[in-house]
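Chemist: Chains A and B, in that order, give the protein sequences.
The opening residue of the first sequence carries number 1 in this note's numbering; numbering runs sequentially from there.
The opening residue of the second sequence carries number 392 in this note's numbering; numbering runs sequentially from there.
Hints should not be assumed to be uniformly reliable.
Said to hold, decoys possible - Derived pair list, reagent style SDA-like, types lysine to any residue, alpha-carbon separation capped at 25 Å:
1) Lys393/B x Ile403/B
2) Lys482/B x Asp66/A
3) Lys482/B x Ala132/A
These are calculated hints, taken from the structure and not from any lab test.
Please read these numbers as outputs of a predicted model, since none were measured by experiment.
One-letter residues, chain by chain:
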Amino acid sequence: MLINFRTPQPEWGKIVARALRWLVRIALLWTLITAFKPAPPRAPLMPPQTVETTQPRLCLHTRLIDEVDEWKIQRSLIMARELGARTIVEFFPWAYIEGARGQYYWGQADRIIRHAQNQGLRVIARMGYVPAWARGDTREALTTLNTLPPAVYADFAAFVAAFAARYAGTVDQIIIWNEPNLAFEWGYQAVDPAGYARLLQAVYAPAHAANPNVVILAAGLAPTLEPRGSPHGLDDLLYLDDLYAAGAGAYFDALAVHTYGFTQPPDAAPAPDRVNFRRAELLRDIMTRYGDDAPVYITETGWNDHPRWTLAVRPSQRIAYTLGAFEWMEAHWDWVDALCVWMFRTPAATFSYPDYFTLVGVDFQPKPIYAALQAYARGQVSDQPLWLPPP
Amino acid sequence: MKRRLALLFALIAFVVSVILWLPRPAPPIEAILPARELRIGIDPSNPPFAFSQADVLTGLDIDLAEALAAEIGVPSRYVLLGFDGLYDALKVGQVDIVIAALTVDPARFGLARYSQPYFNAGMLLISAAARPIERMADVSGRRLALEFGSEADAEARRWLRRVQPFTLQPYEQPSHALDAARIGEADAALTDALTARLYLREHPDWQTNAAYVTVLPLAIASHADRGDLAVAIDRAMTALFADGTIDAIIIKWL
Numbered sequence: 001m002l003i004n005f006r007t008p009q010p011e012w013g014k015i016v017a018r019a020l021r022w023l024v025r026i027a028l029l030w031t032l033i034t035a036f037k038p039a040p041p042r043a044p045l046m047p048p049q050t051v052e053t054t055q056p057r058l059c060l061h062t063r064l065i066d067e068v069d070e071w072k073i074q075r076s077l078i079m080a081r082e083l084g085a086r087t088i089v090e091f092f093p094w095a096y097i098e099g100a101r102g103q104y105y106w107g108q109a110d111r112i113i114r115h116a117q118n119q120g121l122r123v124i125a126r127m128g129y130v131p132a133w134a135r136g137d138t139r140e141a142l143t144t145l146n147t148l149p150p151a152v153y154a155d156f157a158a159f160v161a162a163f164a165a166r167y168a169g170t171v172d173q174i175i176i177w178n179e180p181n182l183a184f185e186w187g188y189q190a191v192d193p194a195g196y197a198r199l200l201q202a203v204y205a206p207a208h209a210a211n212p213n214v215v216i217l218a219a220g221l222a223p224t225l226e227p228r229g230s231p232h233g234l235d236d237l238l239y240l241d242d243l244y245a246a247g248a249g250a251y252f253d254a255l256a257v258h259t260y261g262f263t264q265p266p267d268a269a270p271a272p273d274r275v276n277f278r279r280a281e282l283l284r285d286i287m288t289r290y291g292d293d294a295p296v297y298i299t300e301t302g303w304n305d306h307p308r309w310t311l312a313v314r315p316s317q318r319i320a321y322t323l324g325a326f327e328w329m330e331a332h333w334d335w336v337d338a339l340c341v342w343m344f345r346t347p348a349a350t351f352s353y354p355d356y357f358t359l360v361g362v363d364f365q366p367k368p369i370y371a372a373l374q375a376y377a378r379g380q381v382s383d384q385p386l387w388l389p390p391p
Numbered sequence: 392m393k394r395r396l397a398l399l400f401a402l403i404a405f406v407v408s409v410i411l412w413l414p415r416p417a418p419p420i421e422a423i424l425p426a427r428e429l430r431i432g433i434d435p436s437n438p439p440f441a442f443s444q445a446d447v448l449t450g451l452d453i454d455l456a457e458a459l460a461a462e463i464g465v466p467s468r469y470v471l472l473g474f475d476g477l478y479d480a481l482k483v484g485q486v487d488i489v490i491a492a493l494t495v496d497p498a499r500f501g502l503a504r505y506s507q508p509y510f511n512a513g514m515l516l517i518s519a520a521a522r523p524i525e526r527m528a529d530v531s532g533r534r535l536a537l538e539f540g541s542e543a544d545a546e547a548r549r550w551l552r553r554v555q556p557f558t559l560q561p562y563e564q565p566s567h568a569l570d571a572a573r574i575g576e577a578d579a580a581l582t583d584a585l586t587a588r589l590y591l592r593e594h595p596d597w598q599t600n601a602a603y604v605t606v607l608p609l610a611i612a613s614h615a616d617r618g619d620l621a622v623a624i625d626r627a628m629t630a631l632f633a634d635g636t637i638d639a640i641i642i643k644w645l
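Build out the structure end to end from the sequences listed, making use of the hints.
Modeler: Okay, structure coming up:
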């Protein structure tokens, strides 16, 4: 009997044939998958554009970070340039970019900034919104995107520094937080000017180390008359005073201001107990009192033309007042770097009065105020009536 | 044997279906509202829904909230908020529900449950009853009055891209647009339902045809995780619709 002690040799021909069959199958599957994959969004960059305007301080607050489609980002920025705005303010939420500690996703921010650069627009970045991992133990207390425990100020500062470094030379103005004088913007906690001063302090040095040319803007405060002790917030004049008293002046390079006209025309006189467009002058007075001559960026302004909101005006008044605001700035406010209209467009409608702050509809249909601002930025004056006389 | 088994399964399926179909008894109010009060988020800057009159909170939403709390059997407590803070207040549990002329917003479904709608605040096409115009396509070749720069203006321009041309007649005030339709200087006026209803209250003699062009349902929001509360709100709403309370509130204000 012959016993073969050799190890059986593999049949290489069969193995190769099987491998080839699998290769063909995988190639077919790959072809099918790519055939059914939706086409990538088409928003190719244009040749570099420049803004043509007679009002270089005209600025728009956009809301592009929530746009899914890149073409909508591009369309918005094209329309901003065509309107004659040289600057936009855009929100870059910490929660969107650093969803896990130390892991950054810059895709959407890159897209926005790439298209803004392409359209020749300067970008002022606003920082805010806390990722879940930084909000503390949510089992102990319910939190919102605005809940920022002091223990994570350094993490927030690290994020701001990462942003400042990445976009140095492209985005050189960064606003730290939004309206911290409102309880809901401060995570539904009691507002705390000294706490916000510590946040500015935490951010200032790391941001400047990351980008020596960065301009750190203290947040625009909500125009409000809330007295001390109110659960809703604190009067913006009192808050700014407290902020300087807490030593925050050393930790910001410019002040962002939110000033709305509500039902009053742009030239209505300011007063501490009145909220109107020229309230910005009272904030400026506080800066001056503390010896601070830093520039002011009015990062939110405008009027609302909702049919019934108690703080709204008619659409025709909104146009007149908005144009009047730019004329007032030209005549009286040389300390203002930019006047940013709130707001260009939202990705989705709220179906309430906030929709009536926008310049174009969700479908990009320009409202008459868009055309009016565009004509103003082009130096065009028309005496053609826009509406019929009452019947 | 097989037949008996099949019959047994059918019987079990029937009994289970009946049990599932039977209305679940409502949990006690202490379980739904542990504080035994209904904390309602309100935006007091939005007449006629909620506003201050001589320092007293009033409006359609306030009347609805009072009726709702009474129907559920608890006192009401109002938490005044700006529109921006309404959903955050719901999220952190500062309020149980929000009644603030809220539109059902699919983007909020992760956070909020909405009740059945209590009002359609969409756009209305108003024409004379003698020459009714039922839909926007029928405005073609006619004159449409509206407020310059308003949502009606935007809506009409959208329609101009879809139907045969019509003449836009913009006015500075929505009441001027409705005046034009009333006195025959326009064939119809387009305006939001609230503006139209408020105007028609002041002109009861004008016989009109009103047709909705858009739908904008207003509803009450509760937290998505509080299903029992949402069910209680909806049951109360059903009862208030059935006994005419909600219709009476709407007629009182609009």
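Chemist: Just to be careful, I want the Cα atoms of Lys482/B and Asp66/A compared with a cutoff of 25 Å; is the pair within it?
Modeler: Measuring from Cα to Cα gives roughly 20 Å; hence the hint holds.
Chemist: Can the restraint linking Lys482/B and Ala132/A be considered satisfied, given a maximum Cα separation of 25 Å?
Modeler: Holds, at roughly 14 Å.
Chemist: Just to be careful, I want the Cα atoms of Lys393/B and Ile403/B compared with a cutoff of 25 Å; is the pair within it?
Modeler: 15 Å, holds
When the structure is compared with the earlier hints, no violation turns up for any of them.
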